[in-house]
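Colleague: Protein chains in written order, with our numbering: chain P, 1 to 411; chain L, 1 to 411; chain H, 1 to 411.
If you're looking for bench data, these hints aren't it; they were derived computationally from the structure. Worth double-checking, as some hints may not be accurate.
All copies of an identical chain are treated as equivalent in the list; a pair is satisfied when it fits inside any one copy or across any two copies.
What the hints assert, rightly or not - Subject to a maximum C-alpha distance of 27 Å in a straight line, what follows is the list of computed DSS-like cross-link-like pairs (lysine-lysine):
#1 Lys125 <-> Lys146
#2 Lys176 <-> Lys146
#3 Lys236 <-> Lys252
#4 Lys231 <-> Lys344
#5 Lys117 <-> Lys224
#6 Lys344 <-> Lys392
#7 Lys227 <-> Lys252
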Amino acid sequence: MVKDVTLIVLAAGAGKRFWPFTTSKALFPFLGNPLFAHTIGDAPVSNMIIVTNPQNDNLIRSYHFPISTATVVQKEPRGMADAILSAKSAISGPILIINADDVVDPDLLSRVVNTGKFGAIPGIKRRGPFGYIQFEGDRPVGIVEKPAAGSEPSEYVDIVCHYISDGSLLISEIEKIKSVGDDVYEKALTNLMAYEQFAFIPYDGPFAPLKYPWHVLDVMQTLKINKYTGKNVIIKSNVLLEGPVYIGDNVKIFEHTKIVGPCYIGKNSVIGNNCIIRGSHIGANSVIGFNSDITRSYIGDLCWTHNNYIGDSVLEGNISLGSGACLANLRLDDGEIKGTGRNKLGAMIGKGVRIGVNASIMPGVKIGKNSFIGSGVILDKDLPEDSFCVAKPGYVTVKNNKIAPARKPFV
Amino acid sequence: MVKDVTLIVLAAGAGKRFWPFTTSKALFPFLGNPLFAHTIGDAPVSNMIIVTNPQNDNLIRSYHFPISTATVVQKEPRGMADAILSAKSAISGPILIINADDVVDPDLLSRVVNTGKFGAIPGIKRRGPFGYIQFEGDRPVGIVEKPAAGSEPSEYVDIVCHYISDGSLLISEIEKIKSVGDDVYEKALTNLMAYEQFAFIPYDGPFAPLKYPWHVLDVMQTLKINKYTGKNVIIKSNVLLEGPVYIGDNVKIFEHTKIVGPCYIGKNSVIGNNCIIRGSHIGANSVIGFNSDITRSYIGDLCWTHNNYIGDSVLEGNISLGSGACLANLRLDDGEIKGTGRNKLGAMIGKGVRIGVNASIMPGVKIGKNSFIGSGVILDKDLPEDSFCVAKPGYVTVKNNKIAPARKPFV
Amino acid sequence: MVKDVTLIVLAAGAGKRFWPFTTSKALFPFLGNPLFAHTIGDAPVSNMIIVTNPQNDNLIRSYHFPISTATVVQKEPRGMADAILSAKSAISGPILIINADDVVDPDLLSRVVNTGKFGAIPGIKRRGPFGYIQFEGDRPVGIVEKPAAGSEPSEYVDIVCHYISDGSLLISEIEKIKSVGDDVYEKALTNLMAYEQFAFIPYDGPFAPLKYPWHVLDVMQTLKINKYTGKNVIIKSNVLLEGPVYIGDNVKIFEHTKIVGPCYIGKNSVIGNNCIIRGSHIGANSVIGFNSDITRSYIGDLCWTHNNYIGDSVLEGNISLGSGACLANLRLDDGEIKGTGRNKLGAMIGKGVRIGVNASIMPGVKIGKNSFIGSGVILDKDLPEDSFCVAKPGYVTVKNNKIAPARKPFV
């Protein structure tokens with residue numbers, strides 16, 4: 001049920017922490033569509049304003065939207081309050097604010113706009129450097145940004161999916177705050193909550209914000225994939241498809257390959273012989289070559305693999321791996337991949353990267369765009385973009401004083 | 001036909017030459033049972049004494065024996081005569097002495113107890129540092145321990161499967177010898193043979209003593225494997241089973257995999273897609289991952305492989321290999337793996353070892369327990385236990401002045 | 001229609017540029033026969049003279065020829081004119097001169113002998129360091145050897161498939177030339193063309209001269225392969241054969257393997273499980289082991305692969321690769337493999353070579369006969385024959401202060 005609500009989509013995030021990926025987070029493609037298309041979904045609203053940045057505005061504007069939509073450009077990356085002020089002239093009545101990069105269950109949007117209260121704010125039980133919701137009794141009365149561990153005002157983390165029935169009051173509260181910082185929006189909202197009633201919506205569904213590069217895997221696992229087979233699909237004999245597998249138009253899948261859903265295979269991609277693909281996303285126009293093992297990984301468009309193991313990894317797009325190159329995803333001691341909270345994590349690789357045969361990329365390594373990694377390299381550190389990394393000539397040659405006996409005929 | 005014979009099982013061997021394996025040789029598990037259970041088999045005897053050592057006594061005692069059984073602990077590793085003296089108080093009438101670590105055809109035990117002579121001793125034609133049987137005419141009259149090459153008293157090597165119809169005479173002969181050395185038992189037996197008639201039993205069946213770590217492969221190949229499928233076994237489509245393959249309870253075997261018997265797959269183990277397993281032993285609770293090639297190898301319990309070649313190798317247990325790690329089993333010149341008499345021999349790996357992706361272990365290398373081998377390491381020497389072996393940062397990084405052309409769509 | 005013509009087959013080429021291959025070019029085996037047998041085909045001639053060299057004369061003479069054939073030995077490698085003079089005593093009437101190493105459509109031989117003119121010379125449009133045909137109007141009047149780029153006398157490159165109805169006139173013209181050089185033959189032919197009419201035959205069929213080692217791939221792709229299955233062939237279940245695949249006697253092909261023609265599999269060879277072979281030539285008595293990917297490659301006799309990628313490569317014969325060894329065939333920047341005019345080119349490997357596990361051979365590298373390449377070597381340069389190339393001990397070992405958690409049972 002569509003309401004007379006303006007959806008404010010915050011899509012101007014600079015994404016510094018998103019390196020080595022250069023695609024704007026809001027535009028990162030999943031299942032053939034940019035992320036913001038998923039977060040918007042079929043929001044039950046009448047019109048939409050997307051706050052963009054100078055880099056992604058054109059690309060976002062070129063998308064076909066089903067409802068009346070405008071974009072406004074936030075000129076500099078000055079935080080959420082500034083982003084909303086960028087859209088000030090278009091904000092009057094009821095608004096629903098969401099982050100383009102935060103994936104939640106689409107139903108949540110309907111829930112927050114239908115509480116009957118002045119505003120609504122959902123929260124999820126989670127630990128980490130988030131904004132926590134403060135309560136008085138059952139009533140939410142504010143947001144505390146990144147409190148010290150142990151002094152959180154509640155168990156609930158704020159999800160930016162905020163309904164406010166009079167957006168001009170929010171603007172007014174933001175403008176009253178003279179301080180500069182990351183939390184101006186939260187302060188303004190807290191001030192508004194002091195005199196207007198907000199509903200709290202406890203939420204325990206999927207919640208995947210896209211901040212760090214490995215979050216691509218979380219988003220991938222959160223988005224629902226339906227079983228589907230497109231046009232002109234060719235599936236050869238002895239191919240096994242289990243669970244929900246989306247197969248785009250013109251996809252070819254060769255013999256003795258198994259795909260265990262949920263998996264997405266974008267249009268025009270080729271899955272070669274004797275592969276296994278589990279819980280992964282393959283973009284469009286990619287070629288998963290003979291004997292590749294793609295496990296819980298995101299592969300973008302125009303990627304080529306060949307006899308590789310790719311585990312818990314993210315390949316942004318236009319990336320090729322030589323035969324035997326391996327993206328390791330688990331430390332020998334099963335320990336945490338530093339700073340990620342994950343024990344299983346492979347490589348995160350920017351666009352235009354080429355990796356030589358039998359190269360080994362250590363767990364959690366990030367590789368900047370347009371870098372080449374030579375054959376046999378054991379890459380144990382992040383690699384800046386535009387790097388050429390070559391294994392040192394690591395062999396000695398001496399006179400061979402032995403002759404291998406000729407192989408005898410086998411029969 | 002069970003006779004009133006006491007079986008003396010020598011299971012106290014210290015196993016120093018068995019490094020890197022730490023499991024007591026008598027307890028080394030094969031086909032789901034410790035080795036001693038195989039060597040005892042259903043021996044045609046009425047009761048049994050197992051001579052253990054302080055380390056393995058408890059474990060051996062915890063085993064369920066079908067006949068009346070006692071253990072006696074040999075406190076220090078002082079050889080075979082001392083082991084038998086440890087059991088002195090229990091030895092009176094007929095005895096049959098076997099080594100827990102020597103695998104022979106079970107029929108041999110029946111043959112030696114049924115000759116009608118005072119004693120019986122079998123021999124096998126073999127070359128090497130063994131004890132050789134001396135004859136007068138057809139009659140065996142003694143054992144010569146490790147004679148110099150060329151001065152062997154016969155072609156026949158003594159197999160410790162000795163029947164003596166009055167064990168107290170053997171004890172008495174042992175106690176008469178005052179010298180200390182490895183061959184006290186053989187001297188005592190020789191002395192006994194001087195006045196009591198022994199039958200000689202020529203034997204040409206299987207004979208696999210477990211002394212060196214590569215002998216695990218010999219034992220594995222000697223033990224008979226029967227075709228069997230346990231409970232709750234799941235075998236997916238296009239799986240090929242040839243020859244005798246034992247499949248334990250709860251085993252899962254995935255598509256496009258071939259198993260060529262004789263092979264043993266222990267309970268709860270998983271064999272992934274597109275594997276080949278030939279003439280090998282897989283313990284319980286192991287996972288043979290996608291695209292692994294296990295050839296003539298022993299894999300213990302709780303091992304994980306993934307896209308590996310494991311040829312003529314022994315993995316004791318709780319060992320994991322990263323994708324692309326390879327246990328080479330043949331020198332480039334097809335030469336002997338030094339000191340083993342074998343041309344095909346892979347790695348011998350103790351418990352708790354982890355091997356990184358694309359690592360290469362050279363033929364015949366031994367790896368001590370709890371060691372980690374980093375990705376890409378080319379390990380060409382034995383590695384002590386508790387080692388961490390890391391490939392040197394072997395690459396140089398320069399500015400990349402080339403851009404790889406974007407892959408064109410394939411269709 | 002056989003004519004009374006003597007076929008002169010030039011098979012004495014020294015093949016210096018053919019390194020690392022040591023087989024005489026004329027004898028290089030394709031589809032079970034030496035190259036010269038293919039170039040001669042069933043030439044429409046009455047008898048044949050093969051000009052050999054001291055190294056290959058015996059081997060060529062031992063071949064069974066369907067028509068009257070003699071060989072004459074060219075003692076030293078002094079070029080084409082000298083080769084023809086070697087056969088002078090046997091040359092009188094009509095002759096047809098061909099190179100044993102140049103593969104063309106067999107029909108071309110019929111065309112050149114049937115023009116009704118005194119002589120005939122075919123040409124093909126091609127760029128490179130070839131001999132170009134000079135015309136006066138439509139009439140060919142001479143050959144210009146390797147003109148500077150831009151000053152070619154026509155677009156047509158001379159193919160050595162020359163018909164001359166009176167061979168003695170050619171001999172006479174050759175003997176008139178006193179200069180020494182590579183182009184004496186072409187000068188003599190040019191002089192002959194001044195007073196005798198030659199037909200020009202424009203040709204746009206296959207033309208594959210065998211000069212450089214990578215030309216083996218061109219010849220392989222030029223020779224026609226017909227679908228055929230020999231005697232005692234065993235093809236297991238789930239084997240896929242597409243397009244023209246020649247399968248020699250006693251070949252075995254194991255499960256889950258795909259062969260995409262045109263492919264030739266020589267007699268007694270074994271193709272293991274889970275392989276893919278595309279557009280390739282496998283000689284006799286070879287074993288393509290588990291999980292090998294052979295793409296557009298020439299594999300000679302008695303070669304063993306095992307879990308290898310072999311792309312656009314040539315393995316002369318008696319060559320073994322350890323598991324995971326990889327012959328890379330594409331630079332990271334997709335650039336030309338230096339000096340070959342090809343972007344896709346793997347390794348070219350002489351006889352008796354052994355390559356260790358997980359070794360990586362860079363695109364376009366040549367390896368001399370009887371060389372060994374150690375495990376894990378990244379070979380980025382040509383390797384002389386009889387070399388032993390070993391990866392430097394490239395790791396450090398320290399005390400491991402971590403214990404890997406035991407794998408939990410999977411079920």
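Colleague: With identical chains treated as interchangeable, where does the CA-CA distance between Lys236 and Lys252 reach 27 Å or less: within a copy, between copies, both, or neither?
Modeller: Both ways: Lys236 and Lys252 sit 8 Å apart in one copy and 23 Å across, limit 27 Å.
Colleague: Could you place Lys231 and Lys344 in one of the four classes (within, between, both, neither) given a Cα distance threshold of 27 Å?
Modeller: neither (36 Å within a copy, 33 Å between copies)
Colleague: Could you place Lys125 and Lys146 in one of the four classes (within, between, both, neither) given a Cα distance threshold of 27 Å?
Modeller: within (14 Å within a copy, 74 Å between copies)
Colleague: I want to check one pair: Lys344 and Lys392. Are their C-alpha atoms no more than 27 Å apart within a copy, between two copies, both, or neither?
Modeller: between (29 Å within a copy, 24 Å between copies)
Colleague: Which holds for Lys227 with Lys252 at a C-alpha limit of 27 Å: within a copy, between copies, both or neither?
Modeller: both (16 Å within a copy, 26 Å between copies)
Colleague: Between Lys117 and Lys224, at a C-alpha cutoff of 27 Å, which is it: within one copy, between copies, both, or neither?
Modeller: neither (31 Å within a copy, 77 Å between copies)
Colleague: Given identical chains, is Lys176 near Lys146, meaning Cα to Cα at most 27 Å, within a copy, between copies, both, or neither?
Modeller: Classified as within; 22 Å inside a copy, 85 Å across copies.
This entry does not satisfy hints 4 and 5, going by the numbered hints stated previously.
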